[in-house]
Amino acid sequence: MSAHSFAGETAIVGIGATEFSKDSGRSELRLAVEAVKAAIADAGIKPSDVGGMVTYSSDTNPDVDIARSLGIGDLTFFSRIHYGGGAACGTVQQAALAVHAGVADYVVCYRAFNERSGNRFGAGVQGRAPMPNAENAHLASYIPVGLLTPASWVALAAQRYMHVNGATSEDLGVIAVADRKHAATNPKAWFYEQPITLEDHQNSRWIVEPLHLLDCCQETDGAQAIVVTTKERAKDLPHAPVVIQAAAQGSGAGQDMMTSYYRDDLLGLPEMSVVARQLWESSGMGPDDMDAAILYDHFTPYVLYQLEELGFCKKGEAKDFIKGGRIELGGDLPINMHGGQLGEAYLHGMNGIAEAVRQVRGHAVNQVDGLERIVVTAGTGVPTSGLVLSHDA
Amino acid sequence: MSVDHSEALAALVGMSTGFPTVALDLVNEPMIRHWAEAMGDTNPVYFDAVAGVTAGLGGIVAPPTMLQAWSMVGLTGTLKRESSRGEKKDLENANDTMMRLLDEEGLTSVVATNCEQEYDRPLRPGERIAMRATIETISDVKKTGLGVGRFTTSLSEFFSVDESFPSDPSLRDAALAKAERVGTMRFRILKFAPQASAPAKPPRPKPALTQDNAFFFEGLNEGKLLIQRCTACATLRHPPLPACGKCESLEWDTIESKGSGEIYSFVVVHYPQVPSFDYPLPIALVALDEGTRIVANVSIDPEHIAIGQRVIARIETFDNDLSLPVFDLDTGA
Numbered sequence: 001m002s003a004h005s006f007a008g009e010t011a012i013v014g015i016g017a018t019e020f021s022k023d024s025g026r027s028e029l030r031l032a033v034e035a036v037k038a039a040i041a042d043a044g045i046k047p048s049d050v051g052g053m054v055t056y057s058s059d060t061n062p063d064v065d066i067a068r069s070l071g072i073g074d075l076t077f078f079s080r081i082h083y084g085g086g087a088a089c090g091t092v093q094q095a096a097l098a099v100h101a102g103v104a105d106y107v108v109c110y111r112a113f114n115e116r117s118g119n120r121f122g123a124g125v126q127g128r129a130p131m132p133n134a135e136n137a138h139l140a141s142y143i144p145v146g147l148l149t150p151a152s153w154v155a156l157a158a159q160r161y162m163h164v165n166g167a168t169s170e171d172l173g174v175i176a177v178a179d180r181k182h183a184a185t186n187p188k189a190w191f192y193e194q195p196i197t198l199e200d201h202q203n204s205r206w207i208v209e210p211l212h213l214l215d216c217c218q219e220t221d222g223a224q225a226i227v228v229t230t231k232e233r234a235k236d237l238p239h240a241p242v243v244i245q246a247a248a249q250g251s252g253a254g255q256d257m258m259t260s261y262y263r264d265d266l267l268g269l270p271e272m273s274v275v276a277r278q279l280w281e282s283s284g285m286g287p288d289d290m291d292a293a294i295l296y297d298h299f300t301p302y303v304l305y306q307l308e309e310l311g312f313c314k315k316g317e318a319k320d321f322i323k324g325g326r327i328e329l330g331g332d333l334p335i336n337m338h339g340g341q342l343g344e345a346y347l348h349g350m351n352g353i354a355e356a357v358r359q360v361r362g363h364a365v366n367q368v369d370g371l372e373r374i375v376v377t378a379g380t381g382v383p384t385s386g387l388v389l390s391h392d393a
Numbered sequence: 001m002s003v004d005h006s007e008a009l010a011a012l013v014g015m016s017t018g019f020p021t022v023a024l025d026l027v028n029e030p031m032i033r034h035w036a037e038a039m040g041d042t043n044p045v046y047f048d049a050v051a052g053v054t055a056g057l058g059g060i061v062a063p064p065t066m067l068q069a070w071s072m073v074g075l076t077g078t079l080k081r082e083s084s085r086g087e088k089k090d091l092e093n094a095n096d097t098m099m100r101l102l103d104e105e106g107l108t109s110v111v112a113t114n115c116e117q118e119y120d121r122p123l124r125p126g127e128r129i130a131m132r133a134t135i136e137t138i139s140d141v142k143k144t145g146l147g148v149g150r151f152t153t154s155l156s157e158f159f160s161v162d163e164s165f166p167s168d169p170s171l172r173d174a175a176l177a178k179a180e181r182v183g184t185m186r187f188r189i190l191k192f193a194p195q196a197s198a199p200a201k202p203p204r205p206k207p208a209l210t211q212d213n214a215f216f217f218e219g220l221n222e223g224k225l226l227i228q229r230c231t232a233c234a235t236l237r238h239p240p241l242p243a244c245g246k247c248e249s250l251e252w253d254t255i256e257s258k259g260s261g262e263i264y265s266f267v268v269v270h271y272p273q274v275p276s277f278d279y280p281l282p283i284a285l286v287a288l289d290e291g292t293r294i295v296a297n298v299s300i301d302p303e304h305i306a307i308g309q310r311v312i313a314r315i316e317t318f319d320n321d322l323s324l325p326v327f328d329l330d331t332g333a
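Protein chains in written order, with my numbering: chain V, 1 to 393; chain D, 1 to 333.
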């Protein structure tokens, strides 16, 4: 496999979001429209310039409804990506491929939901009707025994990882504490000014052992949109382009949706390894070149796995890598400076991409000094995706 | 029962439940015919005057069981009385008072237990019927299959009256003293406290079955824990898939697992709690000795479950229609 032909040729030029809340009081479609409108304005383009739209297959808001709402007009590219939060960086990849191929000039990626006041993902699949199709047949191994929620699916893998690698609940807590520390100084974060201690983490109630409440991300109402175009076009726009040095999707051997329990070991995320291989090869960069990382944090354990799969440390050593403030602002590899999905908001990974854009632009609230390059990941435990973003060097 | 109204209830026994009432309609042929048709009673004495005469009844008569029907107040009248109950206590009659006291005792549910009627003579079209009801008995608190409660009996007496029967309700009791009684009815109810029963546990959510995975659940229903096997290369696989990831063969059969294995990983679920399950809920990923892994319930104390424990499966049936393997600690016994 060789480097992607579109690597380094496209850029993120606009970001827009609603507030992040627990009860938006508006429809999911309206949230989507607000975020897309804000992202288009941030990019300095007109709605009619947008030729493509990408979202998640789990999003309930049709691209055409947003297009009609904002007078976007003709669309020449529209696409939806499966696997929940695994789609996040994949939407940007689709957009980059489309603009690079000349299929559309500007593509908007978006995700919008009332995931706290409406359909709560944390409740899991308890109400799923047993319609006979392959996705439900997959769940047949878990639903009748009561393994119903994302927290439980992650926990069953994490218990093995912790057992083999000697990682503890306190190690997971280090990640939660770092995220909440960052959120505490981010006014957009739900947990603004609410840092936690490791003791708070340990004292929080069990959700699914070995996961405490504070190992689990929030549920959020809100929307995030992102505008992608070619690097060439980006030069004429208000913001300095945030170059997509690499964008990749990955599914690995023995892949399953959240329940890949039958692989040789349960100690990695092979799909993230597939993503990492492409990111480093296409960008010509490696983990040592990254000034920071946005790592998908719906549940803390998979942050450890990701550090290993991306090559920041060796297998099984992430629990030691994260110690001593290394992943906090000011450390060697700050992660999730916006507070992550534990601290800022759970926008299925899209708010993390926006944070990476702000970091590269240089005006994030928790700015990493001198940041030039950053890696972003999408949902873990599912087929996933990733990005390497940088200044226009 | 936190409240005991025994004394107040005893004082109600023998009291009239209100002024005597008079039927809205005279005994009449159309209502007799509708009743007999609804009941499927084809006795000609209810339709045919000649048959009535022949039978020595002097003409058409009303079915005896219509006795109470003549005196009923109708839907609207019933609603009026119910809306007045409890709102204005000065309008309460003895029956209202009895029901309120029983409600206050916590005996809020009601079931009719029996009804006995006695007929003094047949009723004929054109007769006017009046009715007087009294509270005959109120029992002590009894334990019943439905819960604790009191039985109450009301005695209704039915009279044939003429057009001189007073329209002033307060004069009716005196008028009945001279009237001819035509029948009586004893109506017994149980007022009881509904038993607080635990909400029934809803059944476990069912697996979605396709042509690919149905064999696994059918095997469990027959008491077998099956593992899919590629007939081309003999590779075992679980969960079920239509083809072999090793050799692409679509051909497969199954082997029956011995059910022995060890805990490869596990969780203990605390939240969210779904009513079909008991919490904390331990669930294990079991590495079967045959080589495949399976996610299953375990009957091991959540405090003591651990990776590496040897376990053995038994097949348990839930809700009469779902069989699943449940793993116990394998003590080697």
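Calculated directly from the structure, the hints in this document are not laboratory data.
Treat each hint with caution, since some may be false.
[Stated by the list, open to error] Below, simulated EDC-like cross-link-like pairs (lysine to aspartate or glutamate); rule was C-alpha separation at most 16 Å, straight line:
no. : chain 1 : residue 1 : chain 2 : residue 2
1   : V       : K231      : V       : D392
2   : V       : K231      : V       : E9
3   : D       : K246      : V       : D264
4   : D       : K206      : V       : E135
5   : V       : K231      : V       : D105
6   : V       : K323      : V       : D171
16 Å limit on alpha-carbon distance, applied to hinted pair K231 (chain V) and D392 (chain V): 8 Å, holds
Holds or violated: K231 (chain V) to E9 (chain V), with C-alpha atoms at most 16 Å apart: Status holds; Cα separation ~5 Å.
16 Å limit on alpha-carbon distance, applied to hinted pair K323 (chain V) and D171 (chain V): 8 Å, holds
Given pair status - D264 (chain V), K246 (chain D), alpha carbons within 16 Å: Status holds; Cα separation ~14 Å.
Hint consistency between K231 (chain V) and D105 (chain V) [alpha-carbon to alpha-carbon, up to 16 Å]: 11 Å, holds
Pair hint K206 (chain D) and E135 (chain V), alpha-carbon separation not exceeding 16 Å: Holds - the C-alpha atoms of E135 (chain V) and K206 (chain D) are around 14 Å apart, at most 16 Å.
Going down the numbered hints, you'll see the structure goes against none, and every one checks out.
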